[in-house]
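Visitor: Residues per chain, in single letters:
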Amino acid sequence: MNVFDIIGPIMVGPSSSHTAGAARIGKVARKLLGDELQEVRIQFHGSFAHTYKGHGTDRAIVGGLLGFEPDDLRIKTSLEIAAGLGLAIVFEKVQLREAHPNTVVIKMRGGSGKALSVIGSSIGGGNIVIKQIDDLKVEIYGEYYTLAVVHQDTPGMVAKVTGLLAKNSINIARMNLYRSRRGGEALMIIELDQRVPSRAIKSIANLECVISVRHLEPTKRLGGE
Amino acid sequence: MVHIDSLQVLADIAKERQENISDVILIEQARENEESADEVLKKMSANLKVMKEAVKDGMALDVKSESGLSGGNARKYQQAVLAGKTLGTGMLDSVIMRALAVAEINASMGRIVAAPTAGSCGIIPAVCLTLMEDKRISEKKVVMGLFTAAGIGMVIAKNASISGAEGGCQAECGSASAMAAAAAVEMCGGSPHMVIQACGIALKNLLGLVCDPVAGLVEVPCIKRNTIGAVNALAAANMALAGIESVIPPDEVIMAMKSIGDLMPGVLKETAEGGLAATPTGKRLEKEIYGIK
Ligand code: SF4
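Chains as they are written, first to last, in this note's numbering: chain Y, 1 to 225; chain S, 1 to 293.
Fair warning: there could be bad hints in the mix.
Think about it this way: if two alpha-carbon atoms lie no more than 27 Å apart in a straight line, the pair counts; the simulated DSS-like pairs of lysine-lysine are [what the hints assert, rightly or not]:
id : chain 1 : residue 1 : chain 2 : residue 2
1  : S       : LYS15     : Y       : LYS76
2  : Y       : LYS131    : Y       : LYS114
3  : S       : LYS64     : S       : LYS287
4  : Y       : LYS76     : S       : LYS224
Derived CB-CB ranges, DEER-like [as the list claims (entries may be wrong)]:
id : chain 1 : residue 1 : chain 2 : residue 2 : range
5  : S       : GLU16     : Y       : GLU80     : 54 to 60 Å
6  : S       : GLU16     : Y       : ASP134    : 55 to 61 Å
7  : Y       : ASP35     : S       : ALA235    : 52 to 58 Å
8  : Y       : GLU80     : S       : ARG17     : 20 to 26 Å
9  : S       : HIS3      : Y       : GLY67     : 56 to 62 Å
10 : Y       : GLU80     : S       : GLN18     : 54 to 60 Å
11 : S       : SER259    : Y       : LEU85     : 50 to 56 Å
12 : S       : ALA30     : Y       : VAL94     : 42 to 48 Å
13 : Y       : GLY86     : S       : GLU34     : 41 to 47 Å
14 : Y       : LYS167    : S       : TYR290    : 53 to 59 Å
15 : Y       : VAL94     : S       : ASP134    : 31 to 37 Å
16 : Y       : GLY67     : S       : ASN33     : 42 to 48 Å
Covered stretches of chain Y, as calculated for chain S (at least 3 residues, CB under 8 Å) [as the list claims (entries may be wrong)]:
id : stretch
17 : 16–27
18 : 49–62
19 : 102–109
20 : 157–171
21 : 186–192
Worth flagging that the hints you see were computed from the coordinates, not collected in a lab. Each residue gets a CB set at the ideal place from its N, CA and C atoms; glycine is no exception.
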């Protein structure tokens with residue numbers, strides 16, 4: 001445990017789960033899209049659907065999508081900022097099956113036409129888990145530097161990617177592999193102790209069979225700077 | 001960290017090392033983070049800075065929450081104090097004013113430090129900043145007080161809960177009050193034994209407090225509960241400094257809080273289905289806020 005989990009985090013109110021956690025989900029979703037954001041459909045489930053207005057969950061998610069940290073005061077006016085940037089936003093309520101009460105579905109479309117759907121839950125105290133990316137069920141907590149590598153499901157991919165990380169002296173904290181079907185697209189989620197330098201990201205992206213690489217900064221900061 | 005799984009162990013380690021509880025927590029955290037004590041201190045100072053700003057903004061700005069349910073009471077209270085309309089209780093007035101200010105800032109999407117949660121974020125700053133001003137306690141000592149509070153909070157989180165959804169408001173405002181009382185005793189020169197006694201007394205006084213926020217929002221009753229958490233912390237700290245002990249040992253009080261929280265029905269744990277949330281006015285406000293007919 002960390003003392004800054006108890007006296008902290010520094011955040012924009014009013015709720016660690018409904019505001020701070022929501023901002024983190026938005027931030028991770030935007031990073032996963034990795035494109036200029038043009039349109040977004042935000043669907044609230046459970047307690048999020050019931051109380052999102054009063055808790056500013058809508059503003060927090062949009063703030064996160066704009067890249068704001070959970071302690072950024074601009075969250076309060078994120079809807080106005082997004083409108084100024086020409087971002088089209090729709091809010092809806094949905095009922096998902098077997099989802100955590102604080103769950104949101106974020107359906108994004110980027111400037112280059114790329115579409116991505118992300119489902120995330122705010123599981124208490126500002127902690128989050130990304131549960132689904134498009135059709136793939138995943139688990140991303142956003143507490144570490146994270147690499148999300150989309151690639152063709154062919155033998156040897158894990159060794160190639162982890163080999164490149166080892167060459168750059170980057171230590172793996174946790175790693176998971178997801179795929180929808182054999183031989184199709186697969187997703188590697190690697191949580192790391194260190195930031196990945198851009199040349200390493202580039203060499204992973206240049207590997208044969210790699211479709212895309214996203215690098216996520218940890219969205220949870222304990223203790224001020 | 002060395003195994004700090006009870007308040008007694010924490011007080012014993014401090015006594016054995018002839019240090020304060022805050023020193024023990026600071027050193028252990030630095031070791032765990034593989035950072036210097038200075039770096040860890042700096043992070044806690046950043047928290048204190050945000051607490052100060054929240055108090056200042058809560059008093060100065062025209063604060064209003066998103067739902068319209070809350071805002072403006074810190075200022076109202078301050079004006080009443082200046083006009084001599086309150087009972088004139090000095091430090092008590094100061095903690096009430098500051099607790100309102102920070103909790104209102106939280107409700108209005110301003111910046112706060114969760115301590116231990118966002119709902120209870122006004123209690124620790126109210127007590128610590130009031131002591132700092134009234135007792136002229138140095139900033140360094142106040143920062144150390146926050147480590148004491150954090151240490152107490154860690155033990156409570158480990159053995160019971162600091163979440164309203166899990167343990168009711170006793171776990172949020174109760175824990176914050178116990179943490180603030182502990183910090184206050186250490187800042188005023190009390191021994192580690194007195195620190196944990198203050199914690200036990202403060203927690204006992206708020207046992208059984210349910211979590212029943214109107215419309216599920218962190219406003220009613222949360223904001224005013226921050227004031228009772230702060231006032232209770234002063235009472236508990238004063239008793240402990242006078243040498244008064246908690247008859248039930250502090251660690252057993254935490255056990256009691258856990259069992260009460262487990263026994264508490266779900267409707268009284270942040271679901272907004274019971275207590276104040278379920279009163280006719282609570283229901284009416286909920287409908288108005290969400291536009292339900
Ligand atoms: S009533 Fe519930 S939401 Fe409000 S401060 Fe207490 S525990 Fe938190």
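Visitor: Identify every previously stated hint that the structure contradicts and give their numbers, smallest first.
Guide: 1, 8, 9, 15, 16, 19, 20 and 21
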